[in-house]
Amino acid sequence: MEGLSLHVPKGQFVFLTGHSGSGKTTTLRLIHMAERPSAGEVRVSGFSSEKTSQRELWKVRRRVGFVFQDFRLLPGRTAMGNVAFALEVTGTAKHEIRPRAQRLLAQMGLSPKAGSKIHELSGGEQQRVAIARALASDPLVLLADEPTGNLDERATRGILELFWQINALGMAVVMATHDMELVRSFPKARVLELDQGRLVYDSMEGS
Amino acid sequence: MANTVKEAVSAFRRAPLLTGLSALMVGLALLVLGLFSLAAFNLKLALTAIEERIEVVAYLRDDIRSVDMEAALQTLRSLPGVEEVLYVSKADALQRALTQLPEIAEVASDLEANPFPASLEVRFQPGSRTTEAVESVSAAARELPAVEDVRYGREWVDRLFALRRIGAITAGTLGGAFALVAALIIGTAIRIAVFARRDEISIMQLVGATNGYIRRPFLLEGAITGLLGGLLAVLLTWGTHQAVYNFLFTLDWIPQTWVWAGVGAGVLFGVLASGLAVRKYLREI
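Chains V and W, in that order, give the protein sequences. Our numbering puts the first residue of the first sequence at 1, with every later residue one more than the last. Our numbering puts the first residue of the second sequence at 1, with every later residue one more than the last.
Calculated directly from the structure, the hints in this document are not laboratory data. Computed from a predicted model, the values in this text were never measured in an experiment. The beta carbon of each residue, even a glycine, is placed where N, CA and C say it ideally should be. Treat the hints with care, as some may be off.
[As the list claims (entries may be wrong)] Calculated cross-link-like contacts (lysine-lysine; reagent style DSS-like; alpha-carbon spacing at most 25 Å):
no.: 1; chain 1: V; residue 1: K113; chain 2: V; residue 2: K94
no.: 2; chain 1: W; residue 1: K280; chain 2: V; residue 2: K59
no.: 3; chain 1: V; residue 1: K117; chain 2: V; residue 2: K94
no.: 4; chain 1: V; residue 1: K188; chain 2: V; residue 2: K10
no.: 5; chain 1: V; residue 1: K117; chain 2: V; residue 2: K51
no.: 6; chain 1: V; residue 1: K94; chain 2: W; residue 2: K90
no.: 7; chain 1: V; residue 1: K117; chain 2: W; residue 2: K280
no.: 8; chain 1: V; residue 1: K94; chain 2: V; residue 2: K59
no.: 9; chain 1: W; residue 1: K6; chain 2: W; residue 2: K280
no.: 10; chain 1: W; residue 1: K6; chain 2: V; residue 2: K51
no.: 11; chain 1: V; residue 1: K51; chain 2: V; residue 2: K10
[As the list claims (entries may be wrong)] Simulated DEER-style distance windows between Cβ atoms:
no.: 12; chain 1: W; residue 1: P16; chain 2: V; residue 2: H19; range: 38 to 48 Å
no.: 13; chain 1: V; residue 1: P99; chain 2: W; residue 2: A15; range: 40 to 50 Å
no.: 14; chain 1: W; residue 1: G212; chain 2: V; residue 2: D179; range: 32 to 42 Å
no.: 15; chain 1: W; residue 1: G176; chain 2: V; residue 2: V8; range: 31 to 41 Å
no.: 16; chain 1: V; residue 1: E120; chain 2: W; residue 2: A15; range: 47 to 57 Å
no.: 17; chain 1: V; residue 1: E56; chain 2: W; residue 2: A15; range: 24 to 34 Å
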């Protein structure tokens, strides 16, 4: 990445576009602080990449949800188990875990599938479980790296609608995608285009 | 803490084969150390038994008065490191010679006088069976008017101590090497177990679990695997001991403290290996 200067305010929906290797995933990883910039600084909800130690990264991770193309769920657990796991490891009180996990799954339209093992779910359903897990810590921003890359058209539409709903509740969403049809389907979103690690287009600046 | 135990137990339940294999590898690695300890301990016992035979013999003049003999006895008994001093009369010496060498019986019966001298045999306390102590007692005995000659098999004592030094160095080096190999094998076994759960670690990090929260169940699992492996090693070493004892030769069992030290080493290696493996993934992700 080079010369990237970007501010995503609360509640904004951002599409990060560009060809493979343009730097979309790296940008998301920088925001998630899974990677640190060799120069410059990333600031997320008051946490600076320069000052946040490896030990303190969990504080950033609870403010930034992350959804992947390949879902990254625990295959041995149920849909409920995956969401409950996220709540459990982030220190949610025991008696609150189940009701909160149920609420999150209901939000995703997955209540009937709560007890299903991951391999029993369709791709779209697995991605919904992953989104529910990402929302478990009540983050300020949701990052998504090609979240519909493995899904058919119908499932893609369903997932995108979910992201819109989440965004409508005030959460910022940054979604990396190379699917321009997807981008065009939500005209209100801010669109950023990257090319070889540089920002070449920002719809807010119109350049 | 309850979560840590729950996570560790559920990890064992989810992958009992992997856990069993890890514990088996730990057990076999520690078995090598256990067998070495068994051999080293018995070698130590054998050397100690030989050391117990170290003694200084002060041969007495034929014409001494009982008061000189008594003085010699008292002087030798008062020397530092001396455990006991036995008086062997001329008659006892002859009897011993006849018992040990029955073929001289005929020659002895032709003799007019008993040629064997009376003597004082000096034995040493366990911590004082050293070349220095033996030489010091021997020198003191030579000064006594009742003593004609002093023998202690200097060459034999020197060789015994040289053997002991070589034994200690060999045991230390080999024991260290075996411990290192055991640590490496245990480290690998635990690393494999942690590797199998790297996705779980990555997800825990992804959703914001603290490093301590992630690490704790793995440390507990490492400790339990090490404990199971350690107990297995004790069982296998005991089995080997029993087989050798019953079918080959008498062998002493290692002291209880060594047994617990071995099990403790298993637990320690397990915890360390787990900690290092998890640390690696925590840094990578």
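Unmet hints by their number, sorted upward, for this structure: 5, 6, 7, 10, 13, 15, 16
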